[in-house]
Amino acid sequence: MTVLQIAALAAVAVGGAAVVLAPDPLRQVVVLGIYGLSLTMLFFVFQDPDVALSEIVVSTVGLPVMVLLALRKVAEQQRQRKEQEQGDES
Amino acid sequence: LSRRARLSLFALAGGGLAAVMVIAFTGLPDFGAYHGVYGRVIDGIGVHLRHGTDLITLLNFDVRAFDTLGEEFILFASVLGIVLILRQLRGEREEPHEEEAQGEHRFAGASAALRALALGLIPTILVVGAYIVVHGQITPGGGFQGGVILATGPLGAFLAGRYLRMKAIAPHLLTEWGDAIGAAGYALLGLSGLVFAGIFLKNYIPLGIPGHLLSGGQLDVASVFVGLEVSGAFLVAWTQFLDQAMVVKGGQR
Chain A
27 MTVLQIAALA
37 AVAVGGAAVV
47 LAPDPLRQVV
57 VLGIYGLSLT
67 MLFFVFQDPD
77 VALSEIVVST
87 VGLPVMVLLA
97 LRKVAEQQRQ
107 RKEQEQGDES
Chain B
48 LSRRARLSLF
58 ALAGGGLAAV
68 MVIAFTGLPD
78 FGAYHGVYGR
88 VIDGIGVHLR
98 HGTDLITLLN
108 FDVRAFDTLG
118 EEFILFASVL
128 GIVLILRQLR
138 GEREEPHEEE
148 AQGEHRFAGA
158 SAALRALALG
168 LIPTILVVGA
178 YIVVHGQITP
188 GGGFQGGVIL
198 ATGPLGAFLA
208 GRYLRMKAIA
218 PHLLTEWGDA
228 IGAAGYALLG
238 LSGLVFAGIF
248 LKNYIPLGIP
258 GHLLSGGQLD
268 VASVFVGLEV
278 SGAFLVAWTQ
288 FLDQAMVVKG
298 GQR
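So the sequences go chain by chain: A and B.
Each residue of the first sequence is one higher than the one before, counting from 27 in this note's numbering.
Each residue of the second sequence is one higher than the one before, counting from 48 in this note's numbering.
Hints in this document: simulated from the structure, not taken from any laboratory.
Among the hints, erroneous ones may be present.
[What the hints assert, rightly or not] Calculated lysine to any residue pairs in the SDA-like style (CA-CA distance at most 20 Å, straight line): (1) Lys99(A) x Gln110(A); (2) Lys99(A) x Leu56(B); (3) Lys99(A) x Leu131(B).
Bear in mind that the values here come from a model prediction, so they are computed numbers and not experimental data.
All chains should be modelled from the sequences, with the hints used to inform the complete structure.
This is how it looks when you write it as C-alpha cells:
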C-alpha cells in the first residue's frame, strides 16, 4: 500500500462518519458530495478509473440534485401545512 | 431494558464484532494479490480477441454484455418508477411559481458570473460526455460514465437560474425518447447478434485496429446506446424532481 492509498482510505473513513454526524439534511447533502469525491480518489488510487468516473458524476451531481430538490419540496409542503393550520385557528 | 443494560449489551456486542473484524482483516490477502484465473485470461487475450484496449468496457459490453443488458433495464425500470410515482397527483396544480413566471427562479438573483460560468459549461460538458461515450473501448469510461456526464449538461441552464430554459434544451419528449431508444437499441443489438452470428449479443461487427476510434466491434455501438439510455434516464428523473419542486404546487392535503 502506498501513502496515497492509505490517505484515501482515511479520507473515506472520516468522510463517511462526517456524513452520518452532519445534523442538518441540507448540510448533509454537501458533506455527502465531498464524501463522494473522497470515494472517487479512493477508486482512482486503487487503479479503477472506470468506477472513479462513474462515482464522481453520480455522487457530486446526480444524487445531490435529487436530494436537494426533494428537501425543497418537503420544506414547501411543511410551510403550506403550517399556513393551513394557522388559517384554521383564526 | 435500562439505559445502562442496553449500553453494556452494545459494548459486549460491539467489542465482539470489532475483535472478529480485526481477525478477519489481518487474514486478508495483500492488496493487489489475485488468485483467480478469469482476470488473467481476460488480461492476456482481451485486446487480441476484441481489439478494445479498455478491458473494463470489453467485459461490460462484450464478454459479459448480457449482464449489462440487465443493469441497463434496472436503470430503465427505476426511472419508470420515478415517473409513475411523481406523475401529477390529484390535488396538485401545475403552475409555475411566481419567480418561474418571470422566467427565473429564486437563485436567479445570484450573479452574472455564476450565470456565465454555468452557461459556458454546458457545451464543454456535452463535449466531454460525448468524448467519454465514444472512446469507451479505448480509454477508461464508456456508455454509463459518459451518459451521466452528458445528462449534467442541461443542468447548467438550471444553475444559471433558468429552469424553463433547461426544459427547452432538454424537453420531456426528447429525453424520454433518448431513454427508450437507448434501452431498445441495446436489446436490438443483442438480437441482431442472434440473427447475424447465431448467438445473442455475439459480436459480428468488424473489429478494426486497436486504439482507433472505430474499433472493438460492438463495444462502440453498445457504448453509444448505453450512453443514450443513461443520459435520457437521468434527465427524465431530474426533470420529474425539478417539476415537483419548481412547477407543481401543493401536494398531499
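Checked hints:
1. Lys99(A) x Gln110(A): holds, 16 Å
2. Lys99(A) x Leu56(B): violated, 40 Å
3. Lys99(A) x Leu131(B): holds, 18 Å
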